[in-house]
Amino acid sequence: MRIPLAYIARNLWVRRLTTVLTAGGMALVVFVFAAVLMLDAGLKATLVATGSEDNVLFIRKGAETEIQSGVARDQAALIESLPQIARDAHGAPRVSKEVVVLNSLPKLDSGQRTNVPIRGVTPMGLALRPHVKIAEGRMFRFGSSEIVVGASVARQFAGVQIGQSLAFAQRQWTVVGVFDAGRTAFDSEIWGDAEQLAQAFRRTGFSSVIAQLASHDAYDSLQQALADEPRLTAEVKRERQFYEDQSRALSGFISYLGLTLSIIFSLGAIIGATITMYASVATRTGEIGTLRALGFRRRSILAAFLLESLLLAAAGGAVGLAAATFLQAITISTTNFTSFSELAFSFALTPGIVADSLVFALAMGLVGGFLPAVKASRMKIVDALRAD
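So that you can map any letter, position 196 of the sequence shown is 195 in numbering that gives the first Met the number 0, and since no number is skipped, the others follow by simple counting.
Derived from the structure by calculation, the hints contain no laboratory data.
Certain hints may be false.
[As the list claims (entries may be wrong)] The list that follows gives simulated cross-link-like pairs (lysine to aspartate or glutamate, EDC-like), each with its CA atoms no further than 16 Å apart:
(1) 60 <-> 244
(2) 132 <-> 108
(3) 132 <-> 179
(4) 60 <-> 216
(5) 236 <-> 73
(6) 60 <-> 179
(7) 236 <-> 108
(8) 236 <-> 63
(9) 43 <-> 243
(10) 43 <-> 228
(11) 60 <-> 87
[Said to hold, decoys possible] Okay, the calculated beta carbon distance ranges per label pair:
(12) 201 <-> 263: 49 to 57 Å
(13) 201 <-> 232: 36 to 44 Å
(14) 214 <-> 328: 38 to 46 Å
Idealized CB from N, CA, C, for every residue including glycine.
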């Protein structure tokens with residue numbers, strides 16, 4: 000014979016104060032747990048979404064970032080001649096030879112200088128990234144000392160408003176526009192003409208070469224072509240995979256630190272749930288004896304107390320998740336450990352995070368309520384009624 004669910008829920012309502020306090024502790028833990036997962040998901044979404052599955056990126060062998068890389072002009076010319084590279088209607092290769100450097104800028108809130116990537120692009124580079132749109136002002140003119148800044152740079156740094164000038168590489172660069180890259184890593188960059196930036200920074204070559212594949216299946220044959228061509232010393236990656244690799248160091252740090260804190264906090268929440276359930280057993284000894292006398296079996300008593308603890312955890316988990324949803328309106332700006340440059344990204348809540356957070360909350364409830372439930376189920380009828 001099973002104990003009705005209404006009876007279990009009523010016991011939580013009768014002990015409203017302890018129920019709220021225990022559920023609140025679990026809600027706090029779930030909030031921290033969900034926030035860590037959302038932060039990691041937001042980072043990966045920002046970087047992975049930066050790349051396209053149709054594009055590939057050539058960098059120097061052994062380089063982990065475009066800033067560390069160098070591709071000579073003769074190497075770039077060989078890349079343009081590869082048959083696996085797509086061509087436009089006029090037969091020109093869909094290739095962008097780009098320069099990426101770092102420049103420090105003062106932040107608006109603190110005045111502290113932080114590295115910001117400056118990317119030199121070509122007209123084809125703009126065509127290969129159709130999701131990048133001008134939000135304010137206009138696009139820079141090729142052949143000039145004009146630049147445009149990403150939306151995140153415009154929000155967080157001083158001296159980058161339209162009409163202002165930035166001094167670097169012994170030149171004055173005029174900001175003429177702000178672009179929106181769809182909440183990708185490009186939003187944390189400054190763009191200008193590749194040739195002008197290469198001259199200003201005295202670069203004889205490029206940092207990377209971005210190219211569009213002739214077909215989605217051409218990637219394997221492209222890798223083989225690189226292996227067969229001794230003059231080519233660059234390595235190639237799908238653009239999406241390249242940016243996913245960029246997220247690993249920072250993602251790992253966030254995950255390890257956040258999960259460590261979540262585990263520590265969860266121990267406190269589990270202890271709180273255990274104390275609450277032990278107190279519930281102690282105050283309902285006679286009630287437990289009565290239930291046993293009415294024919295309810297030990298496993299029914301065990302299940303009832305476990306379910307009570309799970310309901311408590313589910314309530315806390317729901318509140319914690321509800322609070323975590325508001326984090327999506329917050330943008331985080333931090334240093335990317337791989338490129339040592341500023342990167343802005345937002346919290347991202349996914350169905351997987353919702354499921355993981357609720358499972359985490361229920362696990363806390365199960366662990367916290369198990370021993371008290373076992374104690375309640377093992378009570379003898381006569382002893383329980385006598386204690387009452």
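Cross-check of the supplied hints:
Between residue 60 and residue 244 the CA atoms are separated by roughly 15 Å; this keeps the pair inside 16 Å, and the hint holds. At most 16 Å may separate the alpha-carbon atoms for a hinted pair to count; residue 132 and residue 108 exceed this at roughly 27 Å. Annotation: proposed proximity of residue 132 to residue 179 holds, straight-line Cα distance about 5 Å (limit 16 Å). For the proposed pair residue 60 and residue 216, the alpha carbon gap of about 23 Å is over 16 Å, so the pair is violated.
With a C-alpha separation of about 20 Å, the suggested pairing of residue 236 with residue 73 is violated against the 16 Å cut-off. Restraint check for residue 60 and residue 179: the C-alpha separation of about 31 Å exceeds 16 Å, so the hint is violated. Taking the CA atoms of residue 236 and residue 108, the gap is about 37 Å. The hint is violated against a cut of 16 Å. A distance of roughly 11 Å separates the Cα atoms of residue 236 and residue 63; the hinted pair therefore holds under the 16 Å criterion.
For the suggested pair residue 43 and residue 243, the alpha carbons sit about 7 Å apart, so the restraint of at most 16 Å is met. The hinted pair formed by residue 43 and residue 228 fails the criterion: a straight-line CA distance of about 34 Å is larger than 16 Å. This hinted pair does not check out: residue 60 and residue 87 have alpha carbons roughly 28 Å apart, beyond 16 Å. For residue 201 and residue 263, the hinted distance range of 49 to 57 Å is satisfied, since their beta carbons lie about 51 Å from each other.
A C-beta distance of roughly 22 Å is found between residue 201 and residue 232, which places it outside the suggested range of 36 to 44 Å. Checked against the hint of 38 to 46 Å, the pair residue 214 and residue 328 passes, with Cβ atoms roughly 41 Å apart.
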